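Peer 1: Guided by the hints, dock chain B onto chain A, whose structure is given.
Heads up: the protein sequence lines correspond to chains A and B, in order. Numbering-wise (full-length UniProt numbering), the first sequence opens with residue 1 and increments by one. Numbering-wise (full-length UniProt numbering), the second sequence opens with residue 1 and increments by one.
It should be emphasised that the hints constitute simulated quantities derived from the structure, not laboratory data. Incorrect hints may appear among the rest.
Unchecked claim - Derived coverage of chain A by chain B (criterion: at least 3 residues anywhere in the stretch with Cβ under 8 Å from a Cβ of chain B; other residues may be distant): (1) 13 to 22; (2) 49 to 59; (3) 79 to 88; (4) 160 to 174.
To be verified - What follows is a set of in silico ranges between Cβ atoms, one per label pair, in the way DEER data are often shown: (5) A:Glu14 <-> B:Asp112: 43 to 49 Å; (6) B:Ile57 <-> A:Pro62: 34 to 40 Å; (7) A:Gln191 <-> B:Arg106: 31 to 37 Å; (8) A:Trp51 <-> B:Pro69: 29 to 35 Å; (9) B:Arg106 <-> A:Pro189: 42 to 48 Å; (10) B:Gly41 <-> A:Phe18: 35 to 41 Å; (11) A:Gly251 <-> B:Gly100: 30 to 36 Å; (12) B:Arg136 <-> A:Pro189: 46 to 52 Å; (13) A:Gly110 <-> B:Lys140: 45 to 51 Å; (14) B:Ala33 <-> A:Pro62: 17 to 23 Å.
Because the structure is a prediction, the values reported are computed rather than measured. Built from N, CA and C at the ideal position, the CB exists for glycine as well.
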Amino acid sequence: MTTGAGSRANPGRERQFFIGLARAFAGSLIFALPMLMTMEMWWIGFWIDEWRLVILTLVLIPLLTVLSRFSGFKQTDGLVDGIVDAFVAIAAAAVMAIVVLFIFEVIRFGMPAREIIGKVALQTFPGSIGAMLARGQLSGEQQGSQDEEIAQDPSYPGELFLMGVGAIFIGLNVAPTEEIVLLSYMMGPWQVIALALLSLILMHAFVYAVNFPGQPQLAEDPGFWSLFMRFTVVGYAIVLLISAYLLWTFGRFEGADLEEVLGASIVLGFPGAIGAAAARLIL
Amino acid sequence: MNAPTKSPPRKSESSRQIHPGSTTSKWEWVAAACGLLLVLGTLGYIVYYALTTEAKIPDITAEAIRTEPTRGGHVVQFRARNHSSTTAAGLQITGELRQGSSVVERSEITLDYLPPFSEREGGLIFQEDPARYELRIAPKAYREP
Numbered sequence: 001m002t003t004g005a006g007s008r009a010n011p012g013r014e015r016q017f018f019i020g021l022a023r024a025f026a027g028s029l030i031f032a033l034p035m036l037m038t039m040e041m042w043w044i045g046f047w048i049d050e051w052r053l054v055i056l057t058l059v060l061i062p063l064l065t066v067l068s069r070f071s072g073f074k075q076t077d078g079l080v081d082g083i084v085d086a087f088v089a090i091a092a093a094a095v096m097a098i099v100v101l102f103i104f105e106v107i108r109f110g111m112p113a114r115e116i117i118g119k120v121a122l123q124t125f126p127g128s129i130g131a132m133l134a135r136g137q138l139s140g141e142q143q144g145s146q147d148e149e150i151a152q153d154p155s156y157p158g159e160l161f162l163m164g165v166g167a168i169f170i171g172l173n174v175a176p177t178e179e180i181v182l183l184s185y186m187m188g189p190w191q192v193i194a195l196a197l198l199s200l201i202l203m204h205a206f207v208y209a210v211n212f213p214g215q216p217q218l219a220e221d222p223g224f225w226s227l228f229m230r231f232t233v234v235g236y237a238i239v240l241l242i243s244a245y246l247l248w249t250f251g252r253f254e255g256a257d258l259e260e261v262l263g264a265s266i267v268l269g270f271p272g273a274i275g276a277a278a279a280r281l282i283l
Numbered sequence: 001m002n003a004p005t006k007s008p009p010r011k012s013e014s015s016r017q018i019h020p021g022s023t024t025s026k027w028e029w030v031a032a033a034c035g036l037l038l039v040l041g042t043l044g045y046i047v048y049y050a051l052t053t054e055a056k057i058p059d060i061t062a063e064a065i066r067t068e069p070t071r072g073g074h075v076v077q078f079r080a081r082n083h084s085s086t087t088a089a090g091l092q093i094t095g096e097l098r099q100g101s102s103v104v105e106r107s108e109i110t111l112d113y114l115p116p117f118s119e120r121e122g123g124l125i126f127q128e129d130p131a132r133y134e135l136r137i138a139p140k141a142y143r144e145p
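In isolation and in its complexed conformation, chain A is listed as follows:
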């Protein structure tokens, strides 16, 4: 985690790695536990379209690699380090998912391989994000190092990326449930529009709150519209895209028309927007 680790002797470095690995397990458990205990997640594991599962797994690798820059097992400055981090997180999350699902009897001996692999692969997605985040988040003493600086003051694309991760962080907890689509059916068009506006307002409140106090950020006030357009609106667009992608992956758009797609995306975008806006606070 610290830059000095490189010059240290092997045992110290390995010790650090095992501490990091323990954190990864803890993080994947914290992040994935709500999903491990959600029955829709088990069901989606076997009915999910194979190609969507493949895409989800492929998306995970670059996602984790970039994320490792912000909160990695150690300060990662190279692409190879990032990729290594990503696969370590995946390994930790997969092992954790297998152990927990096996104890829950969600996976058993004698089940078809497709079912077991589907269930585990699906849980590995949130789990590995949690594993990656935990290495930064739970690593108390190392905070304040260079990691912190990158995480605290990322570039604009980095900022948007973290917002996206925040949206996934919160959105994944509810994305697999049937309530999302059910809510979008229950709500009329005006309620959906009101929810979108509420999401934007709350999101901007968070963005504003996070951008100002206690942070030596910009010397001058960036102004309402600048902040609103650059972070809130762009961030919300990213949130909606991520929501739509997650719902599509979970097969919630089968036979849906554009109105249903938008409605469900806006409903899932509500928690997603909060997650995105609060990303700097929670990640």
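Peer 2: Structure of chain B alone, referenced to chain A:
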């Protein structure tokens, strides 16, 4: 991202030797290799599955395993098996006790899901003794998940 700045760790993977300047420990490479194997294995299997398995309509059989008299009636344990790669949701299974062409008693159950190529067990409860009649258990209806 700044790609090729870290070429030494890449070499250390193949030789399993750690360069003095590398911040990646040997065990980290081992763990990462495990992760890579899991991902490749998953992708390989799922792609293989997707290419070799035709999506069809559910092909379901249901059979009685055993009958046990209980205080609440005669429990007929059954096993439903899906022989296809398509999930049946809300799968309805009915059991009938027949005498000739007339149905003496009927019992129904709905299974939430019967995943591809898997089996689920359940019980149908009859007040009459199934041993005295002809027992028929059959899948009746399902919906797509």
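Peer 1: Are the hints correct? Go through all of them and say.
Peer 2: Status of the hints after comparison with the structure:
1. Under the rule that three or more residues need a Cβ within less than 8 Å of chain B, the assignment of the stretch 13 to 22 of chain A holds, with 6 such residues.
2. Restraint check on the stretch 49 to 59 of chain A versus chain B: 6 residues with Cβ-Cβ distances below 8 Å, three needed, restraint holds.
3. Counting residues of the stretch 79 to 88 of chain A whose CB falls under 8 Å from any CB of chain B gives 10; the rule of at least 3 is met.
4. Beta-carbon proximity to chain B at under 8 Å applies to 0 residues in the stretch 160 to 174 of chain A; the threshold of 3 is not reached and the given coverage is violated.
5. For Glu14 of chain A and Asp112 of chain B, the hinted distance range of 43 to 49 Å is satisfied, since their beta carbons lie about 47 Å from each other.
6. Roughly 37 Å separates the CB atoms of Ile57 of chain B and Pro62 of chain A, a value that falls within the hinted 34 to 40 Å.
7. For the pair Gln191 of chain A and Arg106 of chain B, the beta carbons lie near 44 Å from each other, so the given range of 31 to 37 Å is not met.
8. Taking 29 to 35 Å as the suggested C-beta distance range, the pair Trp51 of chain A and Pro69 of chain B does not conform, at roughly 50 Å.
9. Between Arg106 of chain B and Pro189 of chain A the Cβ separation comes to about 45 Å, which falls inside the hinted range of 42 to 48 Å.
10. Distance hint for Gly41 of chain B and Phe18 of chain A: a CB-CB separation of about 24 Å, inconsistent with the stated range 35 to 41 Å.
11. Here the CB-CB span from Gly251 of chain A to Gly100 of chain B is close to 46 Å, at odds with the stated 30 to 36 Å.
12. For Arg136 of chain B paired with Pro189 of chain A, a C-beta distance near 50 Å keeps the hint of 46 to 52 Å intact.
13. At about 26 Å, the beta-carbon gap between Gly110 of chain A and Lys140 of chain B misses the expected band of 45 to 51 Å.
14. At roughly 19 Å, the beta carbons of Ala33 of chain B and Pro62 of chain A sit within the given window of 17 to 23 Å.
The structure is inconsistent with the numbered hints 4, 7, 8, 10, 11, 13, although it conforms to all the rest.
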